[in-house]
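Line by line, the protein sequences are chains A and B. Residues in the first sequence are numbered consecutively from 1, following the working numbering. Residues in the second sequence are numbered consecutively from 1001, following the working numbering.
Treat the hints with caution; some may be incorrect.
[Claimed, not checked] With a cut-off of at most 25 Å between alpha-carbon atoms, the simulated DSS-like pairs for lysine-lysine come out as follows:
{"no.": "1", "chain 1": "B", "residue 1": "1191", "chain 2": "A", "residue 2": "195"}
{"no.": "2", "chain 1": "A", "residue 1": "195", "chain 2": "B", "residue 2": "1505"}
{"no.": "3", "chain 1": "B", "residue 1": "1147", "chain 2": "A", "residue 2": "211"}
{"no.": "4", "chain 1": "A", "residue 1": "190", "chain 2": "B", "residue 2": "1419"}
{"no.": "5", "chain 1": "B", "residue 1": "1401", "chain 2": "A", "residue 2": "211"}
{"no.": "6", "chain 1": "B", "residue 1": "1191", "chain 2": "B", "residue 2": "1204"}
{"no.": "7", "chain 1": "B", "residue 1": "1144", "chain 2": "A", "residue 2": "195"}
{"no.": "8", "chain 1": "A", "residue 1": "190", "chain 2": "B", "residue 2": "1505"}
{"no.": "9", "chain 1": "B", "residue 1": "1204", "chain 2": "B", "residue 2": "1144"}
{"no.": "10", "chain 1": "A", "residue 1": "27", "chain 2": "A", "residue 2": "48"}
{"no.": "11", "chain 1": "A", "residue 1": "195", "chain 2": "B", "residue 2": "1475"}
{"no.": "12", "chain 1": "B", "residue 1": "1401", "chain 2": "A", "residue 2": "195"}
{"no.": "13", "chain 1": "A", "residue 1": "160", "chain 2": "A", "residue 2": "33"}
{"no.": "14", "chain 1": "A", "residue 1": "290", "chain 2": "B", "residue 2": "1529"}
{"no.": "15", "chain 1": "B", "residue 1": "1076", "chain 2": "B", "residue 2": "1106"}
{"no.": "16", "chain 1": "B", "residue 1": "1475", "chain 2": "A", "residue 2": "211"}
{"no.": "17", "chain 1": "B", "residue 1": "1505", "chain 2": "A", "residue 2": "211"}
{"no.": "18", "chain 1": "B", "residue 1": "1147", "chain 2": "B", "residue 2": "1108"}
{"no.": "19", "chain 1": "A", "residue 1": "211", "chain 2": "B", "residue 2": "1076"}
{"no.": "20", "chain 1": "A", "residue 1": "401", "chain 2": "A", "residue 2": "103"}
{"no.": "21", "chain 1": "B", "residue 1": "1067", "chain 2": "B", "residue 2": "1108"}
{"no.": "22", "chain 1": "A", "residue 1": "190", "chain 2": "B", "residue 2": "1475"}
{"no.": "23", "chain 1": "A", "residue 1": "160", "chain 2": "A", "residue 2": "45"}
{"no.": "24", "chain 1": "B", "residue 1": "1529", "chain 2": "A", "residue 2": "190"}
[Unchecked claim] Residues from chain A shown here face chain B by an in silico Cβ test under 10 Å; the list is partial:
{"no.": "25", "residue": "193"}
{"no.": "26", "residue": "200"}
{"no.": "27", "residue": "205"}
{"no.": "28", "residue": "228"}
{"no.": "29", "residue": "231"}
{"no.": "30", "residue": "372"}
{"no.": "31", "residue": "375"}
{"no.": "32", "residue": "470"}
[Claimed, not checked] Here are the simulated distance ranges between beta carbons:
{"no.": "33", "chain 1": "A", "residue 1": "152", "chain 2": "B", "residue 2": "1393", "range": "57 to 63 Å"}
{"no.": "34", "chain 1": "A", "residue 1": "167", "chain 2": "B", "residue 2": "1601", "range": "50 to 56 Å"}
{"no.": "35", "chain 1": "B", "residue 1": "1469", "chain 2": "A", "residue 2": "209", "range": "19 to 25 Å"}
Bear in mind the hints are in silico, worked out from the structure with no lab data behind them. We treat Cβ as the ideally placed atom computed from N, Cα and C, and that holds for glycine.
For reference, the chains in residue letters:
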Amino acid sequence: MATGAQEKQYPPSLLNFFVYNPKFGPKEGEEEKKILFYHPNEVEKNEKIRNVGLCEAIIQFTRTFCPTKPAKSLHTQKNRQFFCEPEENFWMVMVVRNPMIEKNNKDGKPVVEYQEEEILDSVYSSVLQQCYNMYKLFNGTFARTMEAGGVDLLKQRLEKFFYRYLQTLHLQSCDLLDIFSGISFFPLDKMTYLKIQSFVNRMEESLNLVKYTAFLYNDQLIWSGLEQDDMRILYKYLTTSLFPRHSEPELAGRDSPMRLEMAGNLLHYGRFLTGPSNLKDPEAKFRFPKIFVNTENTDEELHLIVYKAMSAAVCFMINTSVELTREFCEQLDSLVGPQLTLLASDICEQYSINRRISGPEKEPQFKFIYFNHMNLAEKSTIHMRKTASVSLTSIHPELMKILGDINSDFSRVDDDEEIIVKAMTDYWIVGKKSDQRELYVILNQKNANLIEVNEEVKKLCATQFNNIFFLD
Amino acid sequence: MSEEHYLELCGNPVQFENASSVNNVFFDEANKQVFAVRSGGATGVVVKGPDDKSTVAFRMDDKGEVKCIKFSFGNKILAVQRTSKSVEFINFIPDLLHLEYSQECKTKNASILGFCWTNWNEIVFITDQGIEFYQVLPDKRSLKLQKSQSINVNWYMYCPVTSVILLSTTVLGNVLQPFFFRSGTMSKISKFEIELPGVSKPAKLSLSERDIAMVTIYGQLYVRYLKHHSRTLNNPGAEVILYHLPRDGTCKKMHVLKLNTTGKFALNVVDNLVVVHHQSSQTSMIFDIKLRDTEGTLNIHQPVLPARSIHPYKIPLTGPAAVTTATPVPCELYSSTWSVFQPDIIISASEGYLWYLQVKLQPVVNLMKDKGKLMDFLLQRRDCKMVIVSVCFQLLNGSDKGNLSVIATVFDKLNQVYKEYLEAEQSYPVAVETGQSRGNPAQKRPVRTQAVIDQSDMYTHVLSVFTEKKDVSHKFIIAVLMEYIRSLNQFQITVQHYLYELVLKTLVHHNLFYMLHQFLQYHVLSDSKPLACLLLSLESTYPPAHQLSLDMLKRLSTANDEIVEVLLSKQQVLGARRFIRGVGGHDNISARKFLDAAKQTREEMLFYTIFRFFEQRNQRLRGSPHFTPGEHCEEHVAYFKQVFGEQALMKPTAS
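Could you put the whole structure together from the sequences, leaning on the hints where they help?
Next comes the structure, spelled out in structure tokens:
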């Protein structure tokens, strides 16, 4: 179509992002004090104050209807605002510009059409919540920072963190998975799993400083010594930020001879993903990122050591009261490196055996997303491997949006439910909710009827989910 | 000081009249009997066996000095050798004449070196010119020659356990010819040569019978040669060489035990350990040929432990002597008057004692620091079970606590033996049925030896006690439990549910629910109904346990009734009905249970649906929608009528 070629699409994008506390500048003329962080920073002061004031007013106003649950979002023609109060009186606001289509009118002049209904509240509310969680993982709570260094320190930390973090928010590719913010678990047989357990326990014993350990393979979780909520956000960091950053050099390294460490007689492929990139370097710094978790105590501050050999990655978490030295890192490298290398090849071997047993790939036929609220397990055959920049999906955004809508329906009631949607094209979309589990299946069968679709889904459940209690 | 004497003399020795000018003492290795012969037997012969009951006393005429005296098996016939030409016999069978009869050796000019009983009525004479195998006919008071073989003999050796006689032949004496005896037959086994350290010139007898013995170690017969330090070679010390002597096939040099010292040695075998006593240092060392240091056909062994003396021994005072002297007298160990016999006997003829040598395991535990090696050692010992259990317990507790890799090694060693036992037990009935075991005496029913430490032992004596400990970190407890489960899995031993329950309880006790969740997710704790029920009971403290439990019940596939119960208790009546229909069990479910649950929801339409479902089932199964009295649904029928009216009941369809 001739007109189609002239259409220009604009995905949703970040307009503003700010953090404020209404208690910090209650008097007139002191409004600026409320603002702790504002993006973009270039915005004129009065506009900042106006925008913050507007949010404050909306929240205050909606409180009159429901004091415990003030407004979560505000829909306007051009944009959508999301509000979140992660800590008492600390508000985070994210303003997203609605996706637009730019068309030329009869006169050839460009006209912008906002697609107000295209983005989902649940998705972007989750994104906002994640922003806070990620901030908290590396900085601890706002309140804690306030105690430590007052407003100035808090402002400084917010600036430092969000300046970089907001650039990595790819709002156009946010979807259902952001709502779940789940964890992908690596499928593994019992024996190999026990070996990993044994490895983790021995390492924790030998490196007696280690408080918690997490073990991942192929960017999928196998073991977490952290509590679920802490692991959830750490997993997000590892898989969307740390691992992708290191995957490129690794891929490049395939062709050239691998860097082989000689520790005793043992060759190993172990290396630090955080901390020193080369232990031999006399200038090497032994500084590791600090994270805050709530596994045993609230706001526990830990060093995060991520060490990787082939596809196996281990996170060792150590209390920050301990200073990490070169000796410790060398000990860790010589102890963990060879064993982890061995374990990684074990896992790889076992995994390929299991795959061979389970027969040729049966999945591609089905596109589905599965999520279990109980253990945060998520599985998607729709999403490609996530990279640092974008998450790719293999289906049309339109269908992704339907999945999001079904999810919103599910979240409104507690009972088990099943929703089947016929999409505009030949697609059928089935959403099932059983107890704490949700399953979304996308079927593309020409002229299929409801009964056939139902049968197909049953087949999928029988093959993929036969070992769990999932009501048909 | 910790106890370090790992060898001791038994506490209840056999006591006999000590050797003197009028009393000669003989020892028969076959029956383990001590003969005290006073004045050639005229003033009495007292025979003491291994236990008190087997004492025999009798008199016989003094017909000259006794050279050798032995009973046949079961004390049926006594054989006495007084000259080098003949052996005399006395029947000890009731109702048979108690008069002596005699048998001269058949070979002319030969002199009898000795004799040995190979059965209650079979005897072998060994002469300097060969061997003669006789059957004794006690009722006829005569002997019948069964077989004989001419061969020049220097000396001989007899192993009663295996009925093998070893003859030293040739001028040097180092070519050994074994014979094997079984129920009336005598068979020659291929001869072999002992390598001597140096050949003396002119050739003379160089292999002494003192340096050779036949011993059974781990069920195999070995010819044990004590090779003294040779002056010509730069040899660090004496060696014990074990030649394996199979019943068929040739004798092979198998093991070398390094003594690393020189001097006078005496050897025993106790509990399959070779014990070497060294007189000048008054110490003993032990060797275990199953503890391998090197691979290959020839194994070189070092002593398992540093040499220690036998535990100090005080002569117990029994009888009237106890009254006269108050304190027990310390016994001189490694005395030059000691005689050592196979396998584990030490005799002091001058004091009149026979002891059995014993190995004490607890001092071994103290001395051997390498726990893996210690386990290898202990697992081969008699009565080791409680010692092993205590070692395991120490390994997990207190100051001597081991690290996880040591614990893992120990678990693996225990489970290896456990697995071997389970496999033997499994293959046994198969072998019996297929008749493989017939004619193959080696295939015995597997005996549960002391060494098998199974899951229940481990649970009862070690793990359940250990998990109760307050002073051990829960991290360590869980790591140990997982390590044990890993080891069992590695040997493909089915883990018993009580171990899983222990893990589960420990995790719950320390509020480690997420850890538990992950274990269940990877099926580390195998599915079972008891475990699923335990999970259900956790729901109030940890809500996800509900889902975990249902998943487990589903996988068990034999727990559909339980699943229905769980769902009904949650008032998920429709869910329960859908589930049971999905698995095809809806014809057998109790209508009453469903109707009860439906009524409790106070949802009338739900009740209606369920009621109608059962009416339809009744119609389908019995041709009538009515409930039978056995279903006890009268109350629900009444309720249905009350709510929906009588006309709403389903009408029977005419067939």
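Are any of the numbered hints broken by this structure? If so, which, sorted upward? 1, 3, 7, 9, 14 and 19
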